[in-house]
Amino acid sequence: LEFFAVDTSRFAAERWEGGSHDKSAWDQSSAQALFSTETSAFRSPAKRLWYVLAHTMDERQLRELFLRIGQGDGGAEREVYNALFQRVRGIAHVRGLRGADLDDLIQDVLSAVVEQLRRGRFLDQSAPSTWVIAILNNKVVDYFRKRGRSDGLMTRAADQVDFLTARSRRGDQERRAEVMQALARLTPTERFVLTSTELAGLTYDEVADRLKCPAGTVASTKNRAVRKVREFFTAPNRRQLKGGPDGDV
Amino acid sequence: MAMCSDPALNARIAELCFGGPAGEDRTALEAHLLVCDDCWAEFQRISEAVHVLREEKTSLEAVMAADLIQLVGLGAHLQRRLGGHRAIAMAISGGFGAMVALALLVEVAYQWENYSTWVSYASIGVGLGSAAVCLAAFEMMRARVLAGRANSIGFAIGPVLAWAAIVALGVAPFLSADPIVLAKFQTMTGRIGWIKSVGQALQVPLLALIPFHFVLTMQYELWSNRIDRVLRVLTNDPMAVTPRGTLFIRPVLAAVLFALLAMWWLIGSAHLLENLEPGPYLALFMGFGISRMMVVLVVLLAVLIWYVRAVNELKREAIAISAGRTILDTH
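Residue numbers (the numbering used here), protein chains in the order written: chain A, 1 to 249; chain B, 250 to 580.
Everything labelled a hint here was simulated from the structure, so no lab data went into it. Because the structure is a prediction, the values reported are computed rather than measured. Glycine included, every Cβ here is placed at the ideal spot set by N, Cα and C. It cannot be assumed that every hint is accurate.
As the list claims (entries may be wrong) - Between beta-carbon pairs, the in silico distance windows are:
#: 1; chain 1: B; residue 1: THR484; chain 2: A; residue 2: GLY201; range: 44 to 50 Å
#: 2; chain 1: A; residue 1: LYS212; chain 2: B; residue 2: PRO529; range: 43 to 49 Å
#: 3; chain 1: B; residue 1: ALA572; chain 2: A; residue 2: ASP101; range: 34 to 40 Å
To be verified - Which stretches of chain B does chain A cover? Using the computed rule of at least three CB atoms under 8 Å from a CB of chain A, they are:
#: 4; stretch: 303-311
#: 5; stretch: 496-503
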C-alpha cells in the first residue's frame with residue numbers, strides 16, 4: 001500500500017472541511033503542507049490501513065454519495081473528496097500536469113464536482129466516475145488552452161516536481177532496480193521501442209524508420225512491451241519471474 | 250494479481266500509464282480508476298515505474314543505443330543476403346571468376362590462332378559460372394550460419410571445389426597435350442597448366458572464405474545475445490573460445506599471410522615473364538598474365554581491408570551492447 005496517497009487525501013479533506021472552498025485560498029503554502037510527509041498524522045500502518053479500507057468505494061457507493069450531496073449532506077462532500085482526491089490527481093499527472101498547476105487543477109475539478117452536485121446537475125444518467133472524468137477532461141482542456149500548449153505536450157515534461165517524486169525518492173534505488181529488471185525481461189526490440197518512445201519521445205513512424213519496419217509493427221511491439229512491464233509489476237513475486245528476454249531479438 | 254471486476258479495462262491500465270489510449274477509451278479507463286481499488290493500486294505501481302523510466306534518462310540512453318546497435322548493426326545484417334557484405338562477396342566471386350577465365354586465356358595465348366574460335370566464349374562461360382557458384386556458396390554459408398550450424402564453412406568450400414574440378418577436367422581434353430607456353434625452362438602441357446591454374450584461382454575464394462565465415466559467425470553470436478563471447482574472442486582473452494567449426498585468423502596474421510601470397514605471385518610472375526621465349530602472341534600472353542596477377546593482388550587487398558574493418562566494427566558493437574547490458578544487469 002502506498003500510504004503517502006492516504007496522507008495527502010486526509011489533509012486535503014481537512015482543508016476542505018476547514019471551509020477553504022474558494023480556489024484563491026488554495027495557495028502555494030497550503031499545497032506544500034498538503035503533500036508534506038512530515039505533517040502526516042497517519043504514521044501508524046494500522047491506522048493507514050484502516051483509513052484506506054474506510055475510504056474506498058465502488059460506483060454504487062459513489063452514486064449514493066452524489067445523491068446525498070444533492071440533498072445538502074455536507075459529510076458526503078468530505079467523503080467524495082477523500083475518495084476522489086488522490087485518483088483524480090494521479091490521472092491529471094499522467095496527462096502532463098505538474099507541481100502547483102496540478103494542485104490548482106485538482107482543487108478546481110473537485111470544487112466543480114461538488115458545486116455541480118450541490119446544484120443537482122448530476123442527472124444519474126451516466127456512471128458517476130465517467131461524469132467526474134468528463135469534468136476533469138474539460139478542466140484539463142481549459143488549462144492547456146489557457147497555457148497555449150498543444151495536446152501533444154500533455155504527457156511529456158517529466159522534469160518538474162510531481163506527486164510521484166516524494167515516493168520515488170523514498171525507494172529510489174529499489175524502484176530503479178525494479179524498472180531495470182522489468183526492462184531486462186524485454187527483448188532488445190521491445191526495449192528499444194519502449195525507451196525510444198518514452199524516453200527520446202520518438203513517434204512510431206520515426207522508430208519504424210530506424211528499425212526499417214512498418215509503424216504498425218512498432219505499435220504492436222510497444223503494446224507487447226507494455227504488457228510485459230505490467231506483468232512484471234503485478235506479479236505476486238517479481239523476484240521469481242524468469243529473467244531475460246524470451247524469443248529472438 | 251488484480252481482482253478487478255472488469256478484466257478488459259484492467260488489462261489496459263498499463264497503457265494509460267504510458268500515455269495512451271485516447272478519446273472514449275481513455276475516459277472509460279480513467280473513470281474506472283476512480284472506482285476500482287485494484288486498478289488504482291496497479292496504476293500507482295506502474296506510474297511510478299514510468300516515472301523512474303523517464304527520470305533515468307542518462308543510463309537508459311546507453312541501453313537504448315545498445316539495443317539499436319543490436320537491432321540494426323552487423324548482427325542484424327546477418328538476416329540480409331550475404332550477411333550485409335554484398336560488395337566484398339561480389340568482389341571475391343568476381344575475382345574468382347576472372348581468375349578462372351584469365352587462366353584459360355593465359356594457357357592458350359601463345360597459340361591464339363588455334364584456339365581463338367571457341368576459347369573467348371569458353372572463358373566467359375567458365376568465368377561467369379565460377380563467379381555464380383562462388384556467390385551461391387557464400388550465400389549458402391550465410392544461411393547455415395544463421396541456422397546455427399557448426400560445419401557451415403564445409404558446405405561453402407564443397408561446391409566451389411566441385412565446380413573447380415568439373416571445369417578443370419571438363420575443359421582439359423580440349424587443350425593441347427603438349428606445352429603451349431614457350432619459355433627458357435620446361436613448361437607444363439596445356440592440359441596440366443590449365444588444371445594447375447584453376448587450382449591457383451581457388452586461392453582467392455578459399456582464403457577469403459575463412460575470414461568471411463568468421464565474421465558471419467560473430468554476427469550470429471551478436472544476434473543471439475552472446476555478447477561476452479564475441480568480446481572475449483575479439484580482445485584475445487585467454488578464456489576465449491571460438492564457436493565450434495570457426496577458425497579465427499587475427500587480422501595481423503591475415504595480413505602476413507596475404508603479403509606472403511602476394512610476394513609468391515609477384516616473384517612467380519616475374520620469373521615467368523623474364524624467361525619467356527619470343528612469339529607472335531607474347532604481348533597477349535603477358536597482358537593476360539599480368540591481369541591475372543593484378544586480380545589476385547587487388548582482391549586479396551580488398552579482403553584484408555574488409556576483414557580488418559569488419560572485425561573492428563564487430564568489436565565496437567560488442568563493447569557498446571555490453572555497456573548497455575551492464576547497466577541493466579547491475580541493478
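Checklist line | Outcome, coverage of the stretch 303-311 of chain B by chain A - at least 3 residues whose beta-carbon is closer than 8 Å to one in that chain | finding: This one holds; 6 residues, not fewer than the three required, reach chain A with a Cβ under 8 Å.
Next item on the list: Kindly confirm whether 44 to 50 Å is satisfied by the beta carbon distance between B:THR484 and A:GLY201.
Entry: 36 Å, violated
Next item on the list: State whether the coverage of the stretch 496-503 of chain B by chain A holds or is violated, taking the criterion as 3 or more residues with Cβ-Cβ distances under 8 Å.
Entry: That given contact is violated, which follows from only 0 residues of the stretch 496-503 of chain B lying within Cβ reach (below 8 Å) of chain A.
Check: For the pair A:LYS212 and B:PRO529, does the Cβ-Cβ distance stay inside 43 to 49 Å?
Finding: 58 Å, violated
Notebook entry, point to check: In this structure, is the beta-carbon distance linking B:ALA572 and A:ASP101 contained in 34 to 40 Å?
Noted result: With a Cβ separation near 38 Å, B:ALA572 and A:ASP101 satisfy 34 to 40 Å, so the hint holds.
Going down the numbered hints, you'll see the structure goes against 1, 2, 5, while the others check out.
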